[in-house]
Structure formats: structure tokens, C-alpha cells
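Protein chains: 2
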Amino acid sequence: MKILILGGDGYLGWPTAMHLTAHGHQVAVVDNYLRRSLGREENVVPLVEVPNLHQRTALWESISGYQIPAFIGDLTKWEFVEEVFREFSPEAIIHYAEQPAAPYSMLNRRAAMLTLRNNLEVTANVIFAVKQFCPDAHIVKLGTMGEYGTPDIDIEEGWLDIEHKGRKDRFLFPRQASSLYHTTKIMDTDLLWYGVRLWNLRVTDLMQGPVYGTETDESMIDERLNTIFNYDEIFGTIVNRFVTQAVVGYPLTVYGAGGQTRGYLNIRDTLQCVHKSEQTPAQAGELRIFNQIMETFSVNQLAEMTRRVGQQRGHVVEIKSIENPRKEAEEHYYNPSYQGLLDIGVEPHYLTDEVMAGMFEMVERYRDNIRPEVIFKGVKWG
Amino acid sequence: MKILILGGDGYLGWPTAMHLTAHGHQVAVVDNYLRRSLGREENVVPLVEVPNLHQRTALWESISGYQIPAFIGDLTKWEFVEEVFREFSPEAIIHYAEQPAAPYSMLNRRAAMLTLRNNLEVTANVIFAVKQFCPDAHIVKLGTMGEYGTPDIDIEEGWLDIEHKGRKDRFLFPRQASSLYHTTKIMDTDLLWYGVRLWNLRVTDLMQGPVYGTETDESMIDERLNTIFNYDEIFGTIVNRFVTQAVVGYPLTVYGAGGQTRGYLNIRDTLQCVHKSEQTPAQAGELRIFNQIMETFSVNQLAEMTRRVGQQRGHVVEIKSIENPRKEAEEHYYNPSYQGLLDIGVEPHYLTDEVMAGMFEMVERYRDNIRPEVIFKGVKWG
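If you're matching them up, the sequences are chains A and B in order.
Numbering follows our numbering, in which position 83 of the first sequence is assigned residue number 728; successive positions increment by one, without gaps.
Numbering follows our numbering, in which position 181 of the second sequence is assigned residue number 826; successive positions increment by one, without gaps.
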């Protein structure tokens, strides 16, 4: 199968590219290095510098024998989109090509507008490109659990049957997000649903929770194949950040009461979910939505776990509650359903003490690289 | 009260500007003539050429004594937005500044992207400008009934209480639209709701149905003050279009079965609704949603009424069903609630035979201007 990965240089895009070639697919990657430039602009650095996409694909080819053509360019530009789709003719598209950080989108107006413009225009262009060049191709889009927010009812997988005044209909599950980034993902879903209804596209929208870890079967072959690992407040996801803070003796920053509960998953499971979704595509005219999480934790639970595992490894780990810079409920009901991906064969990796110890081991190896001053930025929601 | 009207050159914007000055407000208008240029590009012409915004405001001042400063520029550009907000310091904003035509948004990819970009970026800029320059100002935004689509349950005014598995919460009413234009309005509502929750803005979102007519108290003073009247498929709303088709002997084009039911209102009621909304502003932190329609008709009912009134005036009016170029239900349940605006004092004008006869009278006066070849374009949804 010919699979085009948009955002193939990212935290998830690059491991996905290696993984899918290792599983027999013909893969091409597209990226404009947006995440790298935003990181430079905001003066945050990853734990380890990673090679650029041409270097990575060359390295992967030299090690595995698999070739991955890399297109470097901006998918908000139609002439570039056209070139990529004409040249590669994908049968499936994995769409990660978005400004991926909620805190970045909250920095200021410019960052918000960049997020809005990039995420929506790329998604719209992808829809138009598939319609024009490969209407039968399957779009696998990364959404976010954050689209749902924290409603006081159970969260279903994308859809909800509603009975109102004695009549019934089925709708997209109600969504309201707490950051501009998450709001653009709601809009992406609306655009995809529009494309599905109007043009019979096949779409899988994966409502993903925060991902942790870096290790995958392919990255284990050579550490230069590792994905980017951020530990700053803007681009670092919470578990990756907490582990790094513990290693460098920076108190774990819990926002407010710490009861914020979310669904999480191991990076290995992102690869599995995307792979399984691609193997069992949505039907023509179907918007299939899966909630892509494997278990839920509150921030307090993650902090406690990080402290416990950190202490076992000889770190002094402090937990510090700070005034919440975000507008969010600090204690709330949270009961999401996440059965769909298990039903198509995903086998979860859970966040055990042992798995977290593995993350500690990696971060400890690069301890000298950590710049504590980039960890906390105090980005205010509003 | 200082009221800023965005899109003040449009079909509704200009009559609103005159109306609000006549009711004692200090008004400024902003426009970039987008609708005029798109009309030129698509080779559609209004029934009567209207003066530009500087000419209109000068004329209105010479007649009424009321001054209306006009800012000509593009509200997707922040430097222009800043200039307008700094200079005028509005206490209320009426936001009509959107690409207003569903069929235009369906013409092709470029038109779709223009609609997406313009509508979302203007709305986002308005939110950021209010937050920065006048956080207490009331935003009155024109949405559309099309955001709801045609669900199989009763349509409430913006919000829905949902009970699910024994728990309850209140959400934005589920929305799914049948054109890209309408989809951008769904996204606008999401952006506004985000601004309300994050920054305590006050917002009224008016879910308007198709508007008909041109006559208002102010336009009756001098016909040069009339608003633009389009009768083409792209920019002309259905009643205006049908009346013109009847006058020029062009069969009334009913798409498919003609059971498509929508809510309609007289342009006089748009002015009333906006005026009353502005007089009783939303609370800080409130997204207030009204369904801005006064009655519902199916396409068949409108066609029959146009034939009846046209025949009484001596026209030969034919009704012709054509294959539906749109993706929409041609027969469907439709039961929207529209009580909120009546509750704040709006007094409806209904579409009686007499009112339609008044529209015929106006169009007949300009009969020689009608170019039948612009009426039907056959814009396909998809």
C-alpha cells in the first residue's frame, strides 16, 4: 500500500514512517519543519538534536533498505499539495501535519492565527487533493480527545444518539475545547465530515490523548533514529516532561488541584492504532471516529507515579502545586469510551512503573543536555 | 452607543448602518468590497448599481445629517483591524464581514478556501480585537440557520440539554451544514464560544435564515440609498431571485422535490433583530444564540406564492423542477424554535401576498436591467 505521511518529521510522524515501511508499505513523508522553527523561535530545545528529514530517511535506508521519499514544503500551498499528490499517488494518507501544541496556540494572537490558518488550510487542502487525485484513498487524521473537553456525560466514540422531545437523530458528539489548538481540531473534524458527506470520502479521525515515550521497535535499532523528545511546557507532553523534571531535580508542576483527568497512550500504541486503522479502512462515505487512548490518569496520579519511580532510581522528586494558568476544570467527571481500536486489534501497552523506568533510563543518559530554564514558561490561557 | 458595523457595504450591512444612525447611534462602517469584486469575477450584476460606501455615506449625511465614517480595508489584516478599533473605540460590533454566499463557496477549491480563510480569520481577529481594545463591547455576529442543517429533532435556539446514560449536560446544539460557507459559520460559532469561555466576552450569535426584500424606512427616503439586490443563483437569496425570474419570464427553478423547508425573514426584521439585540446585550461570559427567522416555507410554497402574486400582476409564471445540484434532503422534518427575538421585542413582518407584490413592484420598475443569463449558473454541490 502507498501511504503518504503528512507531518512526517514530527514526534509521531517519523516513527510512523519507519514503522509502516517495516511492515511492508511504500511510504513517502511530507513536512515543512514548522515544529522545528517554532521551537527555535520560542527558544525551546529537544533533549537530543535529531537529524533532518533527508538525513533521517537516508539513515533509515542505509540501515533497513527501505526508501522513504521526502517532500519538504508547505501543505497550505496548493501548488505544493498538487505536486506531492501527483508524484506519489497515495492509497492512504496519515495526516499529522498540524501545529501540534495547545500551549503554543495560547501564547499570543500571532501564534493563535498561525495555528488556525495552518491546521485548517492543510486539512482543507488534503480533502480537496483526495477528492481530485485519489477519491478512494483513506484519510487517517489525528484529532484529539481535547475536542470533547470534559463534559458531565460519558464520552462516546465520536457520535451520539440524541432523543429530544420524542424524536431521535445521531450527531457528532458535542465538542467544546479549552484551547485554540483543540478548537482547530474540532473544526478539522467538521471539515472532514463535510468532505465525507459531500464527496463520499473515507475518513478515520483518531481522537488521541497525550502520548508518552520515544521507544519503538525501529528506534531501538539505532539511537539516531529516535524521534524528537521535548520536555518544555510548550511542546513536551506531560509524562515526558515530568520524567525530565524528576531527573534534573525540577519540582513537578501540578496546575491547581491536579484532578485534571485525561486518557494517555504509549507512542508504540500510536503506531499500532494508525497501522490498524489503515489496515481496516473506513468505508466510502464513512467518518469513523476512534478514541485513541489506552487508560486514564489524573495529573496527581502521574505526578505520584513519577515521584515513586524517580525515587526508586535515586532522584529527589518534589511535587509543587502552582496556580493554574489554564482555564479548565481541576476536578471533573471523565468517562470516555475507547473500545473501537481494541476491536480492530490494537494491543495496549500500559504505563507501568517499569515502562516509566525505561523512560527515566533514556532521559538520564542525556541528563547533561537538559536546560532547566526551558521547562516552565508560564503560558497563560487567556 | 458607538456601533461598528463590519461588512457595512453589504446587502444587510448598509441598511443596518442607516437604521442605527436613525435610531440615535454613532455608527462607523468597515468593508473591503469583497462581495462586489467576487460578483464582478463571477460576472453577476445586481438589479441596480449602488454607489460605493464613501458615496453612500456622503449621500446619507446630506439627506439625514448623520455622519458615518467608512473604513475601507481587509479585516483579515491585523494592522487594519487595530487601526479601526483604536480609532473608533466601539461599544458594540455588528459582524457581517463574511463571504456571504453558500453557492459561491461551492464553486471550486479557490472559492472554498477564500471563504474559509476570510470568514474564520475575520472572526478570530474580531475576537482578539475586542479582547484587546474593548473587552466589554458586545459582539453581534450574523450566523445562519444552515449551521443546524435539517436534523430529525426539533431545532432549539443554539443550545441543547442532553441526557445520556443517566447524566446530564448542556451543549451547543449539534450542527452539520450542507455547504462550505455554512460550515465556516459553525466554526465561527465555535470560535466565539471559545472567546466567551476564555475571556468573558459578550456575544450574540444570530442564526439567520434567508432574507428577502430591500425596502426599509431609510431606503424609502431616496432610492439611491437602496441596498444591493442580487437575483443570480450565487448571491441572490431565493425570494428575491424568484420574484425577478417571474418578472422576466424565467421559469422558477425548483431543485428536486422542492420540499426543502427553511425559515425566512424580511430585511426590515434583520434590522429590528440586530437593533433589539444590541439594545439588550448579552452578559459578560454569555454566548446568547437566537434563531433569526419569522416563519418557515418550503421551496414549493415560495414558488406557488411567487406564481400566484406574479399572475395577479399579469406575468406568465412557470415553475420548473430541475435535478438538484445540491446535496440536501428534499423532504425532511423541520421544526425550529424562534421565540428569543420576539421575547426581546421584535415585531415580525410576514411574507404576505401584499409584501411580495411590493417586491414585484420594485423589480418591475427595473425590468430592463435584468440580465436573464446571470440567473442560473448550475453550481454543483460537489
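Worth flagging that the hints you see were computed from the coordinates, not collected in a lab.
Accuracy of the hints is not assured; some may be wrong.
You can't tell identical chains apart in this list, so a pair holds if it fits in one copy or across any two.
[To be verified] Taking lysine-lysine pairs in the DSS-like style, the calculated list, with each CA pair at most 27 Å apart, reads:
1) K972 <-> K1025
2) K921 <-> K647
3) K722 <-> K647
4) K810 <-> K722
5) K776 <-> K921
6) K965 <-> K813
7) K965 <-> K1025
8) K965 <-> K1022
9) K776 <-> K722
10) K810 <-> K1025
11) K1025 <-> K776
12) K813 <-> K972
13) K972 <-> K776
14) K965 <-> K647
15) K972 <-> K1022
16) K776 <-> K1022
17) K722 <-> K1025
18) K647 <-> K1025
19) K810 <-> K921
20) K647 <-> K776
Non-conforming hints, listed in increasing numerical order:
4, 6, 10, 14, 18, 19
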